[in-house]
Amino acid sequence: MNKDYIITIGRQLGSGGRIIGEKVAAQLGIPFYDKELIQIAAQESGLGKEYFEQADEKKSYSIFGGLFGLRGTIAEEPFSTYYLNNETLFKIQSDVIRKLAEKGSSLFVGRCADYVLSGYPRCLNVFIFADMKDRIKRVADLQKITAEKAVDYIEKNDKKRAGYYNYFSNKVWGVAESYHLCINSSVLGIDETIDLIRLFASKRFEL
Amino acid sequence: MVQKGSPIALGNESVWSLLLQYAIPSVIAMTAMSLYNITDSIFIGHGVGALAISGLAITFPLMNLSAAFGTLVGVGASALMSLRLGQKDYSTANKILGNVLVLNLIFGLAYTFVVLLFLDQILIFFGASSETLPYARDFMTIITLGNIVTHMYFGLNALMRATGNPKRSMYATIISVIINGMLAPLFIFGFKWGIRGAALATVIAQTSMLIWQFSYFRNKQNYIHFQKGSFRLKRKIVTDSMSIGLAPFLMNTAGSIIVIIINQNLIKHGGDLAVGAFGVINRVAALFAMVVFGLTQGMQPIAGYNFGAKQFDRVNTVMKLTVLLATAVMTVGFLISEIFPHAVASAFTTEEDLINIVVPGLRIVMIFFPIVGFQMVASTFFQSIGMAGKAIFMSLTRQVLFLLPCLLILPSIFGIKGVWYSMPSSDLLSSIIAAYLLVSQYRKSYVKQ
Chain A
380 MNKDYIITIG RQLGSGGRII GEKVAAQLGI PFYDKELIQI AAQESGLGKE
430 YFEQADEKKS YSIFGGLFGL RGTIAEEPFS TYYLNNETLF KIQSDVIRKL
480 AEKGSSLFVG RCADYVLSGY PRCLNVFIFA DMKDRIKRVA DLQKITAEKA
530 VDYIEKNDKK RAGYYNYFSN KVWGVAESYH LCINSSVLGI DETIDLIRLF
580 ASKRFEL
Chain B
221 MVQKGSPIAL GNESVWSLLL QYAIPSVIAM TAMSLYNITD SIFIGHGVGA
271 LAISGLAITF PLMNLSAAFG TLVGVGASAL MSLRLGQKDY STANKILGNV
321 LVLNLIFGLA YTFVVLLFLD QILIFFGASS ETLPYARDFM TIITLGNIVT
371 HMYFGLNALM RATGNPKRSM YATIISVIIN GMLAPLFIFG FKWGIRGAAL
421 ATVIAQTSML IWQFSYFRNK QNYIHFQKGS FRLKRKIVTD SMSIGLAPFL
471 MNTAGSIIVI IINQNLIKHG GDLAVGAFGV INRVAALFAM VVFGLTQGMQ
521 PIAGYNFGAK QFDRVNTVMK LTVLLATAVM TVGFLISEIF PHAVASAFTT
571 EEDLINIVVP GLRIVMIFFP IVGFQMVAST FFQSIGMAGK AIFMSLTRQV
621 LFLLPCLLIL PSIFGIKGVW YSMPSSDLLS SIIAAYLLVS QYRKSYVKQ
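The listed protein sequences derive, respectively, from chains A and B. 380 is the number of the first residue of the first sequence in my numbering; add one for each residue after it. 221 is the number of the first residue of the second sequence in my numbering; add one for each residue after it.
Simulated from the structure, these hints should not be mistaken for lab results. Being a predicted model, the structure only gives us computed values, none of them experimental. A portion of the hints provided could be inaccurate.
[Stated by the list, open to error] Cross-link-like lysine to aspartate or glutamate pairs, in silico, EDC-like; alpha carbons within 16 Å at most:
#1 A:K538 to A:D435
#2 A:K414 to A:E401
#3 A:K516 to A:E527
#4 A:K523 to A:D513
#5 A:K414 to A:E429
#6 B:K530 to A:E429
#7 A:K402 to A:D513
#8 A:K402 to A:D413
#9 B:K412 to B:D358
#10 A:K414 to A:E432
#11 B:K530 to A:E423
#12 A:K550 to B:D460
#13 B:K308 to A:D474
#14 A:K478 to A:E415
#15 A:K550 to B:D309
[To be verified] Covered stretches of chain A, as calculated for chain B (at least 3 residues, CB under 8 Å):
#16 424-430
#17 465-477
#18 491-500
#19 546-557
Idealized CB from N, CA, C, for every residue including glycine.
Could you build the full structure based on these sequences and the hints that come with them?
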């Protein structure tokens, strides 16, 4: 029986999700994919990296965004004919995610990986969030901005990520039912949260 | 195996063969649609009379509006469907199918009810006179009763495309045109049912295709088929579809409003026959424009992919090729209209009064047609590289932004000729803008390298 497993990490900005994911993957000895996905997707498809970066985790649809509006009354071509819109880029990226998942156990951060791999039998979907004050501190330190600016940035980012996730997946971002495990990283801190996730994973996957 | 649409093919195969491969199905479907429109006008023109053509022309915006509502649901849902199918999320995809059917039913019934209730007032507002109203009313009553069929037919056709059956949806379009082409003359010339016969033929043609689509989607063997429970409306599906479909819907509505304004002006300055004349001219122009439209659809994936892959030489090649073909098509239309306008007009009617309005009108409207090909290609170029905003803007310049002020000013100075002058003026101005935007984009992209 195939012993490979997948861990996906959804995370709020400033919750330490990326670091946690990276360390969990390192400790388990499995590949870690965050922004690396973009590089791989660009290589596989031949399209420039910047297109994936632009589309990354930003909802493409304001009322007038992402338009198919130029075609008169006749209904339209399927997505495969539009290479540079967010849907096709998302599809290319999710194909990459699936391919990497086939290669062996892996850990993915963001990009609706939990939805993309929902058919995968041995999958653990984690959502990492944190207290607002910790998030503000992290973001302000990392981005070298004031606390007020950080609050603004966080709120905007949460909206964008939720929009992206809610649009492309069929679930709701940050809601308990979308995941197997939701952890507030402020409670135990980064290192202990890592341990907890590893414990959960080892029990789930019988490692 | 190199699949259609795969990056390898788009990045490497001969641009010319790729263009043919993508454009031909599009062009065929578009041509079928405009042939349907033209043949209907021809049958009515010869079988019923010049005033009937005017009556028919009054109804165009109403029919466009109906199709726009169908698009509001269909375009958005098929986009959503593609997204879910791309993720192999078949259960949601099935729900989308069910939801589309129900939404189309609701919109269709609401539309039918409202339109039938206020039919006369609507038609008069659109430019019907006491002479043309009976024709318009007769035609529109039957079409509106069959409106639900129209909505569902377009909606399911869109979904057929999204589920990877573009050929099937193309056949549906072609066959419905053929059926209409056979029934309309039978009803109009054979049974002498007049303009009602034309409407009936259309509804029957669409109904038979709808039945065929139904049988396809009922087949449980297909990935996507009608399922119990998929008919309950899901808020997420409805709101997502409509927010995607809102933009094309608004574009369609804007186009319809423009036609209404044109017809109102024509009634004022030229009378009923002028409205009919515009109907004829519009159909002729649309024939060529739809072919070019199909070409630009074919160009989309090629230009888009290669632009993203920074293979700008291939982008150049496909652009040049498409502009060349588009201009050639439009020039044919231009030549036919300028050299043989009388023959063109006579195809639709034998009545001298109508012909005498069509001939000068056609000549004026088509004057800058050859450069419109370029304008359409440029607009689609921006869409294929992901700059939808610019693309929409360019489309609006030709259909609304320049046309509207021209229509408000020129007819008061030049009378009916003012209406005709508005169109080529709009063509010219929008093409200049298109050229400017295209050149600046080219400079930007090449300098970036």
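Against the structure, the hints come out as follows:
1. A:K538 to A:D435: holds, 14 Å
2. A:K414 to A:E401: holds, 12 Å
3. A:K516 to A:E527: Between A:K516 and A:E527 the Cα gap is close to 10 Å, so the pair holds against 16 Å.
4. A:K523 to A:D513: Within the cut-off at roughly 15 Å; holds.
5. A:K414 to A:E429: Measuring from Cα to Cα gives roughly 12 Å; hence the hint holds.
6. B:K530 to A:E429: holds, 11 Å
7. A:K402 to A:D513: violated, 19 Å
8. A:K402 to A:D413: holds, 13 Å
9. B:K412 to B:D358: With Cα atoms ~14 Å apart, B:K412 and B:D358 stay inside 16 Å; holds.
10. A:K414 to A:E432: Satisfied, since the Cα-Cα distance of roughly 9 Å is no more than 16 Å.
11. B:K530 to A:E423: Holds: B:K530 and A:E423 sit about 14 Å apart, inside 16 Å.
12. A:K550 to B:D460: holds, 13 Å
13. B:K308 to A:D474: Between B:K308 and A:D474 the Cα gap is close to 11 Å, so the pair holds against 16 Å.
14. A:K478 to A:E415: This hinted pair holds, its Cα atoms lying about 14 Å apart.
15. A:K550 to B:D309: Roughly 12 Å separates the two Cα atoms, so the pair holds.
16. 424-430: With 5 residues closer than 8 Å to chain B, the segment 424-430 of chain A meets the three-residue bar; holds.
17. 465-477: holds (count 4)
18. 491-500: holds (count 4)
19. 546-557: Since three or more residues must qualify, the claim that chain B covers the segment 546-557 of chain A holds, with 3 doing so at under 8 Å.
Figure legend: structure checked against the earlier numbered hints; the only hint not met is number 7.
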